[in-house]
Amino acid sequence: MEKNTSCFFSNSSPNLVITCFVAFITIILVRFLYVIYRTGKPLNKRTPQQTLSTLIVLGGHTAEMINLLLVLQKDRFTPRFYIAAATDNMSLQKARVFENSLADSGVKGISAEFMQIYRSREVGQSYVTSVWTTLVATAHALWLMIKIRPQVVLCNGPGTCIPLCVIAFIFKVVGIRWSSIFYVESIARVKRLSLSGLLLYKLQIADQFFVQWPQLQRKYPRAHYVGCLM
Amino acid sequence: MGEARDGVQVKRVVFVTVGTTCFDALVKVADSQEVKDELYRRGYTDLLIQMGRGSYLPTKSTGDDGSLAVDYFTFSSSIADHLRSASLVISHAGSGSIFETLQLGKPLIVVVNEDLMDNHQSELAEELAERKHLYCARPLTLHQTIASMDLNCLVPYSPGDATPVAKLINRFLGFPEES
Chain Y
1 MEKNTSCFFS NSSPNLVITC FVAFITIILV RFLYVIYRTG KPLNKRTPQQ TLSTLIVLGG
61 HTAEMINLLL VLQKDRFTPR FYIAAATDNM SLQKARVFEN SLADSGVKGI SAEFMQIYRS
121 REVGQSYVTS VWTTLVATAH ALWLMIKIRP QVVLCNGPGT CIPLCVIAFI FKVVGIRWSS
181 IFYVESIARV KRLSLSGLLL YKLQIADQFF VQWPQLQRKY PRAHYVGCLM
Chain L
1 MGEARDGVQV KRVVFVTVGT TCFDALVKVA DSQEVKDELY RRGYTDLLIQ MGRGSYLPTK
61 STGDDGSLAV DYFTFSSSIA DHLRSASLVI SHAGSGSIFE TLQLGKPLIV VVNEDLMDNH
121 QSELAEELAE RKHLYCARPL TLHQTIASMD LNCLVPYSPG DATPVAKLIN RFLGFPEES
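Protein chains in written order, with the working numbering: chain Y, 1 to 230; chain L, 1 to 179.
Keep in mind that the hints were calculated from the coordinates and are not lab data. On a predicted model such as this, the values are computed, not experimentally measured, just so you know. There's no promise every hint is true.
[Said to hold, decoys possible] Label pairs and their calculated CB-CB ranges:
(1) L:Leu57 <-> Y:Lys202: 43 to 53 angstroms
(2) L:Asp81 <-> Y:Gln204: 38 to 48 angstroms
(3) Y:Lys202 <-> L:Thr74: 36 to 46 angstroms
(4) L:Ser61 <-> Y:Asn89: 32 to 42 angstroms
(5) L:Ala69 <-> Y:Gly40: 54 to 64 angstroms
(6) L:Ser61 <-> Y:Gly40: 51 to 61 angstroms
The beta carbon of each residue, even a glycine, is placed where N, CA and C say it ideally should be.
Let's have the full structure, built from the sequences with the hints guiding it.
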């Protein structure tokens, strides 16, 4: 009897751990499938006065992004967080000029923050050191995303958007924040997608994927052809 | 050359720009005698080269000896002003430079940098050339393009519109359609 009891107790702890682990994995899997299912499905109707915190990922095509921001309602997509790679000096500057021009033209209640994120890999960097820098960049992306927790993510091509979009997706799975991810492929991409675009398209992470040339829409049917932004 | 009006010579400036890149091949060929002669023959008076991060330095010239006046600089905070005062723009294939020039309605020759790896830039230049919004050339064929170009054949570029994207985004997020 004692031997049976001791056997029972010494077996139950690992069993409990395994059961919890399996339950955890199952919940994550269900959430994952649910997020995949809901990606790309429009959200429920909301009142026009609601605001949505917006993350704008900048890189080489800031002028296009600014063109889009000009026609988006500033009092709806606020507060705005601009992120660019640490070695990119020009993109954030252009964004600052844009936000200042909004303030100058009398738009009230401007709320914008500007942040820099470590790059996973610089051009020409050795792959060995890149492993470490990618880990650092991912940790930094995670830290920034936890602080921002955006409801809307806008990106148009730079590599910086990949870790941020993946983290946004994970936040949806884990339930930290539900976000809508919009990707606009740059006007410079006529026949082939950029690497970032290809990844986000294939992995189906973006809720809506916009292309500016009809050739791309024919090649990637889930994309929306919206004509040239510039 | 340049026509004299009331004694004042009309300047026709060719502005060459490489943006923030290093594109010595374009700067070199723009500074070559072949290209300069061709530009002079087509009625241009000045050549201004924005050479960016390149290392090749063009030769300055006042143009007093009946040739093209040549000047250069590396970067400028007001490229737009140079574009505005140009009669012809010769640019690298960066989309920013291309659309800034097209939106100002300036005739444009885009030169594709063949040294770039994975040259997706040429896609845009070729597409816009096919639609007759600009001429597309390679460094070695630039003088031929200048000789044979007919700027009256160029089709003006109508500015793009981001409102379709904004509409789709707002609709997706559940905001009501505005009338």
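These are the hints, each one checked on the structure:
no.	hint	in the structure
1	L:Leu57 <-> Y:Lys202: 43 to 53 angstroms	holds (46 angstroms)
2	L:Asp81 <-> Y:Gln204: 38 to 48 angstroms	holds (45 angstroms)
3	Y:Lys202 <-> L:Thr74: 36 to 46 angstroms	holds (41 angstroms)
4	L:Ser61 <-> Y:Asn89: 32 to 42 angstroms	holds (34 angstroms)
5	L:Ala69 <-> Y:Gly40: 54 to 64 angstroms	holds (58 angstroms)
6	L:Ser61 <-> Y:Gly40: 51 to 61 angstroms	holds (59 angstroms)
Checked against the numbered hints given earlier, this structure breaks none of them.
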